[in-house]
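Peer 1: Chains as they are written, first to last, in the numbering used here: chain A, 27 to 327; chain B, 1180 to 1436.
Everything labelled a hint here was simulated from the structure, so no lab data went into it. Beta carbons are placed, not taken as given, at the ideal position from N, Cα and C, and that holds for glycine. Don't take every hint at face value.
[Claimed, not checked] Per the computed footprint, the stretches of chain A lying under chain B, defined by three or more beta-carbons under 8 Å from a beta-carbon of chain B, are: (1) 207-216; (2) 227-237.
[Said to hold, decoys possible] Subject to a maximum C-alpha distance of 25 Å in a straight line, what follows is the list of computed SDA-like cross-link-like pairs (lysine to any residue): (3) K1322/B with P208/A; (4) K1322/B with T319/A; (5) K1209/B with Y216/A; (6) K1290/B with L1325/B; (7) K1322/B with R316/A; (8) K1290/B with Y216/A; (9) K1321/B with R316/A; (10) K222/A with E1234/B; (11) K1322/B with R320/A; (12) K81/A with R316/A; (13) K222/A with K1209/B; (14) K1321/B with R224/A; (15) K1290/B with K81/A; (16) K1322/B with I226/A; (17) K1321/B with V207/A; (18) K222/A with V1235/B; (19) K1290/B with E138/A; (20) K1321/B with L311/A; (21) K222/A with N1256/B; (22) K1290/B with I55/A; (23) K1290/B with L311/A.
[Claimed, not checked] Residues of chain B clear of chain A, computed beta-carbon distances all greater than 12 Å: (24) K1209; (25) D1258; (26) V1269; (27) A1370.
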Amino acid sequence: MSTVNTVLSSSASPAVWKLRGRRAIVNRIATVAMYGAFLVAVIPLALVIWYTIGKGLARFSVGFLTHSMAGVGSEDVNGGVYHAILGTVEQLAIASVISVPLGLLVAIYLNEYGRRGFSTVVRLLVDVMTGIPSIVAGLFILAFWVIGLHQGYSGFAGAMALAILMLPVVTRSAEEMLRLVPDTLREAAYALGIPKWRVILSIIMPTARTGITTGIMLAVARVTGETAPLLLTAFGTIFINRSPFHGPQEALPLFVFSSAAAGTPADVNRAWAGALTLILIVVLLYVVARLLTRRDALNRR
Amino acid sequence: MAKRIEALGLSCFYGSHKAVEDVTMTIEPKTVTALIGPSGCGKSTFLRSLNRLHEVIPGARITGQVLLDDQDIYAPNVDAVALRRTVGMVFQRPNPFPTMSIFDNVAAGLKLGVSKSKDLSDVVERALTGAHLWEEVKDRLKKPALALSGGQQQRLCIARAIAVEPEVLLMDEPCSALDPISTLAIEDLIAELKDRYTIVIVTHNMQQASRVSEQTGFFTLAGAGKPGVLVEYDATSRIFSVPSDKRTEDYITGRVG
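One chain only, chain B, in its complex shape (with noise of 0.2 Å):
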């Protein structure tokens, strides 16, 4: 459970277009990450190539290596399908199923997965209480899923993914569209799920990034146009503290971005 992530010399492409650019980055199992930076810069771009996902886009492409405890996942012999349930998703905004009700919603992992599991019902409990959903809705798991609040669907998609137990926790700015009271509720989530799981989160907010990470990487572009690249990476509290690269003490205080 939990693994290290490491990025070698990353480069990421749409078509011809250099998204982001030689990143070079150890994320350790157990932690959670925290990516920050302007619009544009790349860091989702850079998350969704940590699942290849980014290679689902048309022309999309990666140079460079990607190793998820020494396994190079853009090896020709990796089955990006069997991949993406080691390496789980959380999107920004809440992407339930629409035709599927609560229950199935949590389970669509395990029953579309490639493999098969037991007992469902028991799985589902065991993501969504995770989720710390489970009281919200265990009257109502045959409801649809949209009849949920945003906040209530978020942590269903973070259930969703749990349900199938990755090994590491994607997040893409996973609270951008929620109210700070749903916010909160998923930050204390993911304080908890650090304990299992490898985070690596997006966000544009700096104080959710101080509140629930212990590591941080800034990235920022040189202009438009330009890829993206990581300027700094260290300790939360060395980024938020004491920055030793100009440009990551520009944005944090504000002068910038």
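Bound conformation, chain A alone (with noise of 0.2 Å):
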């Protein structure tokens, strides 16, 4: 109160707005320490890019990339990830087919239709599978799908068990998109007289795009380094496996794996290649998918 009376009271002079005393020094602390909280949050990011990309680059080239590991021994330098990326893109595109459009639905029905009761019991069901270890994920289309209907080993084995792992990422990112569209907005398509499917589909979910596609790159990116749900599913191997129907697929991830735990020099050098290739995909999936959300930004008419 006293600092207030003479700050009021020699108004005349421009210093004693100066801040000074206990908030200055409060101030200078909390500023250091947001740069320090910040700086602490960046060394470890920055780090494991310097690291991938560093011990990467000793291996990384056209022909990592476009070379499978058929016939390579562990000493040889030669070999790449060509069947891992194969394997990789078609895994994360099924799990996509298969999450994205049922996570889309149920984030719909719980924003736009649920009423209580029943979607409170599906939204602690959605937490309750956001929580579940990727392992288990596996486990169950290992015992599920690979052994108890006798289909054996498969990329889209493996995609499924991604999707489990997509699935509430996807439902719970979406939702709370679908919430922040003002209801001012519903109440307006609702007065003109268009049907609730339509006003969801025309208007709720454009304007809830951009932060909707944000949230299914998050999900992919976050299955796409997942690895022990695969090593039970696709399996992995060191051939071109094209089709993601029939018989074990490689994945980047799964090649990171086995190569690091070979332990040659060679393998070691291989798997940070690996880890590298595994990074740009997420990056460029990114950068594609914030691209296609510009570009409808900028084109609506």
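Join the two chains into one complex using the hints; note that each chain is given alone, in its own frame.
Peer 2: In structure tokens form, the structure reads like this:
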């Protein structure tokens, strides 16, 4: 109180408006703490990228991207990840085709149709699903599909395990984005006599599109690096297997895992280059998704 | 065109809370009717029950009847979506669809509504002209609607509402987020629109009520948590000069509210 009084009574001099005393110190401490926390948070990220690029470039080349590991021994320096890129891209595509429409529909149900009771149960189940350890998803597909239904290892089995992991992430992020669309837009649309399903499709979804896309990308990025469930379902191979439906298929995380475990210098180099490829794929997907939504934003006529 | 609205013993609820109690009033076609009263007196809720937008809120329901030219709009066989094409609405804050262009906003009701219309650009031009916005936007119909100013956005929302050719236009404090110039533009527009539509306008601005309306209804509530009631409904000139109820007089002379 006394500080306020001094400031008011001596306001003739502009110097009194300066931040002084305890407040100045607290301000300084808070500023330093904030920037400090920022640095601490960024350091691991920078180190991961630095290490992966630094070590990965040792083996990274066009040949690395266009060859498989067929006939390549542990000591050989050649060989590559073509078979793994192929597997990862196919598995991610299938996992997305399964989980994105399903996740969006659940999100639409939860936010636009669900009334208390049942939607609370659904929301709880989705939350529980978020907490499923990835290896459990893999074990489930292994027991249910690979062994139980005698389907054997395949990229598709791996994709289903990934879809289980993606589904809750897509659902919750899409639900959050739909919730951000103001009710005034829904009411404006209803007041024009637009049926509810068209309001959702033509007004609410486009409004939330950018956020939903980001959520989908996060879900894809999250499962891109999953190793454990793929080990139990896609199994991995050193050969090129174009079909996700027949026989074991390689994936980039599996490639990194087995190469790193093999332990010879050549294999470790391949593991780092594989990790670099993995990061590049995630970045590429992200950039493409961003460009797509950007184009939409500009094109809205 | 332009229909008569009759509310008969209409009460509106949010769950177990009664927001409006036992309103009976007849709104004549091709008139402007203003609803005034303190905040929370239920005038907006009443307005929203006239195009069945009230029931969009979970737990909201009504008792009593609303007749539109003798047709009960709450009858079981009435499609609320189709009804809302007949009873349009303009909201307090301009709410154009953010992902759509000016053109698409105006065309939205026709493009996304139940019955498809033939020549959209014709309808859009007529609606925008009707909302006094055509001259300002005719060269940039493809631009995003959010690029317009607040007053223009509100006129866009009016254009959007009249593009589906309703017969009743409900306005929920359409000028409260606008500056005086834009307000004047909208009031002029209301005066013109009443030749074709039945207009019901909720307003907090009593000068506005006296300027634009022929009939005025005064709502109030007995206290916090009590339902809003229609106290007096009469010609605007009488409400603002010789109100018959003490509560109306206190409100319009500024003694309360």
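Peer 1: Evaluate each hint against the coordinates.
Peer 2: Here is what the structure says about each hint:
1. Restraint check on the region 207-216 of chain A versus chain B: 8 residues with Cβ-Cβ distances below 8 Å, three needed, restraint holds.
2. Check on the region 227-237 of chain A: 5 of its residues sit with their Cβ under 8 Å from a Cβ of chain B, so the three-residue criterion for coverage holds.
3. The suggested pairing of K1322/B with P208/A holds, with an alpha-carbon distance near 22 Å, which does not exceed 25 Å.
4. The hinted pair formed by K1322/B and T319/A meets the criterion: a straight-line CA distance of about 18 Å does not exceed 25 Å.
5. For the hint linking K1209/B to Y216/A, the alpha-carbon distance of about 24 Å falls within 25 Å, and the restraint holds.
6. A threshold of 25 Å between alpha carbons decides the hint, and for K1290/B with L1325/B the separation of about 20 Å falls inside it, so the pair holds.
7. Using a Cα cut-off of 25 Å, the hinted pair K1322/B and R316/A holds, with the two alpha carbons roughly 22 Å apart.
8. At most 25 Å may separate the alpha-carbon atoms for a hinted pair to count; K1290/B and Y216/A meet this at roughly 14 Å.
9. Distance check on the hinted pair: K1321/B and R316/A sit about 23 Å apart at the alpha-carbon level, within 25 Å; holds.
10. This hinted pair checks out: K222/A and E1234/B have alpha carbons roughly 13 Å apart, not beyond 25 Å.
11. Under the criterion of a C-alpha separation no larger than 25 Å, the hint pairing K1322/B with R320/A is consistent with the structure, at around 16 Å.
12. Restraint check for K81/A and R316/A: the C-alpha separation of about 28 Å exceeds 25 Å, so the hint is violated.
13. Restraint check: the Cα-Cα separation between K222/A and K1209/B comes to about 30 Å, which exceeds 25 Å; the hinted pair is violated.
14. Distance check on the hinted pair: K1321/B and R224/A sit about 22 Å apart at the alpha-carbon level, within 25 Å; holds.
15. Between K1290/B and K81/A the alpha-carbon distance is near 57 Å, which puts this suggested pair outside the 25 Å criterion.
16. For the hint linking K1322/B to I226/A, the alpha-carbon distance of about 23 Å falls within 25 Å, and the restraint holds.
17. Of the supplied pair hints, the one linking K1321/B and V207/A holds, its CA atoms being roughly 23 Å apart against a limit of 25 Å.
18. A hinted pair counts as satisfied when its Cα atoms are at most 25 Å apart, and K222/A with V1235/B qualifies at roughly 10 Å.
19. For the suggested pair K1290/B and E138/A, the alpha carbons sit about 22 Å apart, so the restraint of at most 25 Å is met.
20. A C-alpha spacing of about 31 Å is found between K1321/B and L311/A, which places the hinted pair above 25 Å, so the restraint is violated.
21. Between K222/A and N1256/B the alpha-carbon distance is near 18 Å, which keeps this suggested pair within the 25 Å criterion.
22. In summary, the hint linking K1290/B to I55/A is not supported, as the alpha carbons are separated by about 58 Å, beyond the 25 Å threshold.
23. Among the hinted pairs, K1290/B with L311/A is inconsistent with the structure: their alpha-carbon atoms are about 34 Å apart, more than 25 Å.
24. Non-interface status of K1209/B relative to chain A is upheld: no Cβ of that chain comes within 12 Å, the nearest being about 21 Å off.
25. Interface exclusion of D1258/B from chain A breaks down, the closest Cβ pair being 9 Å apart, not more than 12 Å.
26. At roughly 8 Å, the least C-beta separation between V1269/B and chain A is not larger than 12 Å, which violates its mark as non-interface.
27. The Cβ of A1370/B sits about 22 Å from the closest Cβ of chain A, beyond the 12 Å cut-off, so the non-interface label holds.
Consistency with the previously given hints fails for numbers 12, 13, 15, 20, 22, 23, 25 and 26, ordered from lowest to highest.
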